[in-house]
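If you want the building blocks of each chain, they are given just below.
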Amino acid sequence: MLAFVKMAGFMKTLADLSLGESAIIRGFSNTDIAQKLIEMQCIPGETVQMVKKAPFGDPMIINVSNYDLIIRKSEAQLILI
Amino acid sequence: MPNSESPIKIALVGNPNSGKTSIFNLLTGLNQKVGNYPGVTVDIKSGFFRGNDGKKYQLIDVPGIYSLNPKSLDEAVATEILLDKNSKFHPDLILMVADVSNLKRNLFLTTQVIDLKIPTILLMNMVDLLPKNHGYDFNKIGLDFDLPTLPISSTTKTGFSELKGLIQKGGKISEKTFFKSTVFSFQQFIKELNGGKSFFATKDDTSKNDSNLKDIQANDSIDRYNFINKIIKESNTEITGNESFKFSKKIDSILLHPIFGIAIFLLILLGMFQSIFSLAEFPMTWIEDFFALSADFLREKLPNSFLKDLLIDGVVVGISSVLVFIPQITLLFAFIIMMEETGYMARVIFLMDRLMRRFGLNGRSIIPIISGAACAIPAVMSTRTIPNWKERLITIFVTPLITCSARLPVFTLLIALVIPQKMVFGFINQQGLALFSLYLLGFVAAILTALVMKFIVKTNERSYFIMEMPVYRLPSFRSYLLNIFEKIKVFVVDAGKIIIAISIVIFALSSFGPGNRFEEIEKKYQSKVESGELNYDESVKMASSEKLANSYAGIFGKTIQPSIAPLGFDWKIGIALITSFAAREVFVATMATLYSVSEDEGQLIDKMRTEKHEISGKPVYTLASGVSLILFYAFALQCMSTIAVVYRETKHWKWPFIQFVYMFLLAYLSSFAAFELLS
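Keeping their order, the protein sequence lines are chains S and C. Heads up: the first sequence begins at 1 in my numbering, then just goes up one per residue. Heads up: the second sequence begins at 1 in my numbering, then just goes up one per residue.
The hints are simulated quantities; they were obtained by calculation from the structure and are not laboratory data. Glycine is no exception: its CB is placed at the ideal position from the N, C-alpha and C atoms. Treat the hints loosely; a few may be bogus.
Unchecked claim - With a Cα cut of at most 35 Å, we get these calculated DSBU-like pairs of lysine-lysine: (1) C:Lys558 / C:Lys489; (2) C:Lys301 / C:Lys524; (3) S:Lys53 / C:Lys390; (4) S:Lys52 / C:Lys458; (5) C:Lys140 / S:Lys36; (6) C:Lys524 / S:Lys36; (7) C:Lys140 / S:Lys73; (8) C:Lys489 / C:Lys157; (9) S:Lys73 / C:Lys651; (10) C:Lys249 / S:Lys12; (11) C:Lys301 / S:Lys36; (12) S:Lys36 / C:Lys654; (13) C:Lys157 / S:Lys36; (14) S:Lys53 / C:Lys301.
Stated by the list, open to error - Coverage of chain C stretches by chain S, computed from C-beta distances (three or more under 8 Å per stretch; other residues unrestricted): (15) 97-109; (16) 217-223.
Required output: the full structure, derived from the provided sequences and hints.
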């Protein structure tokens, strides 16, 4: 059994990435959102890149598996990198 | 062939933005209808077509989904259609639409559809967008999934000639199975994940669900992607290098720019706004003229009778008040659908989401709020693009507060009446300033109301915001026109029925009076004409004004006078308030009838200015009562079309009712306050 849901607070999250920076998804800190993100191809082990942030830094565009996804900051904070 | 033959049901399944709707439009043309999915506020489009073999097929446009893991209302409907054999839309055949410009994610849903064990055809859509050297072998993918596979494109019509033949063969149940469990079938598993209940049940207790099930689900999803990654070797890198992706990035460097991006969006809105005002004006005048001419024609040709009046003043007026909105609705949707289909709307949402969220709204709320300045009806209809129910409801609720074009004739008349034409600071026209303040007032009222509702409305729907940013693409022209046509049809048929019914009620109230009062009025004026005291035209005008005062609407006006007196209104304004319930612009016509003048504004203003209270002898229209009346029209929901359309969009009378009461109270209290302060 894979443990996707890890304790938040000890790890960096996707929201911490600055523009153009890439990282590998390690897991999620919320089960419901985890399944949604996996379905959208944000699979643990995949590389994500921070593409753009809207004015005031929220929402943001990330690139995963060669396509762009808009997520709010509140969701990015649940993706552990 | 008999008509009663039951059609073969085909479900179009695919991701949002996968081009499903274009395929749907190309297959069914005008032969489509929108049905309400039982019990929920989701519309299901279905259409009919004949196969080459003459068989009848029903094509069902299932809401776009990324997986069979329902979180939103749309997804719940899609899942139920595909899982529940008793659903009236449960398909005999699935057309699985996979957008090849994002093949892996689209194939993820395909693996889940395969596990349903329903005959399926896999359509590789948008092949025209692939670069020449894309390196995909669609035949091999078809073999790997064990499904008949066809590359198609609704833009270039690739594959459409073969599609009907393939449908005729009936698809195939794939031998593959992706869901590996000895305990559940895939269907049972999905139901189990939803607590074994209906997919529409509130999702509050999902966290209590067996976390074991969630782990199985996550592992299952990852296994599916592993399978897909094995089949599709790294041809993906070439896709990123493809022209449309690069092109999109180039446009976005301007359109998503924090300053230029917002400036361009405002310019587009200005253009939309301008054309709704200026371009729609001509066809609207033609429609009004056409109905005025038809009414005259009927008046002349038909024998005098009650039915004649009902036909002309009830039915014709009702129909024309529906159809007169068509030019504005058409233009507005032409803009909005173009923004949606090209992918620009996703950019606007990205730019505006943060700001709108502060007020309990959504990035997508910006469109209805702006277009509400033209007309609340198409604006309320355009809220359907907002996925979150709470944010959509708040948007619907506040949109009618925006100053719409129907308030304009009322405002111009009243401003001319009570605001002196002086200059402020030597160059600003005081009357113009008053009008501008009214637009500002509407916007501020809408935003503040949204903020209040944000804290009142409770929702069980968890607010996710994970949205694909599509590449820019040009919609197929035919499909684009069909989408606009469908919006207009829905408005005319659904809102139209209610508008016409209320018009007839108002006609009846203003053309009947108790006892034989009407006959006596007619006799009185007839004798005045005979004695030469009045000429015929004058007598007709004065008689109709006296009849209105004695009609049920007039009696109603006098009855409500005590309750509107604190606002500075007399019984004649009371009648106008009642007739304005149909539509605000009726105010001017009612006033004209009451003061027995034609609708010429100059004459009417003179008459209204000299109007005195029957008892006190003081002028009726002062600054205090004028401002009070303006505020009443600014806030009250006097528009039956809006009420009808809010009912249609929320599928419940509760919301238009609450909205009506809220806006009425807002109108009453602010009018009362203004009248007290100014007099």
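**Request:** Identify every previously stated hint that the structure contradicts and give their numbers, smallest first.
**Result:** Hints 1, 6, 7, 11, 14 not satisfied by this model.
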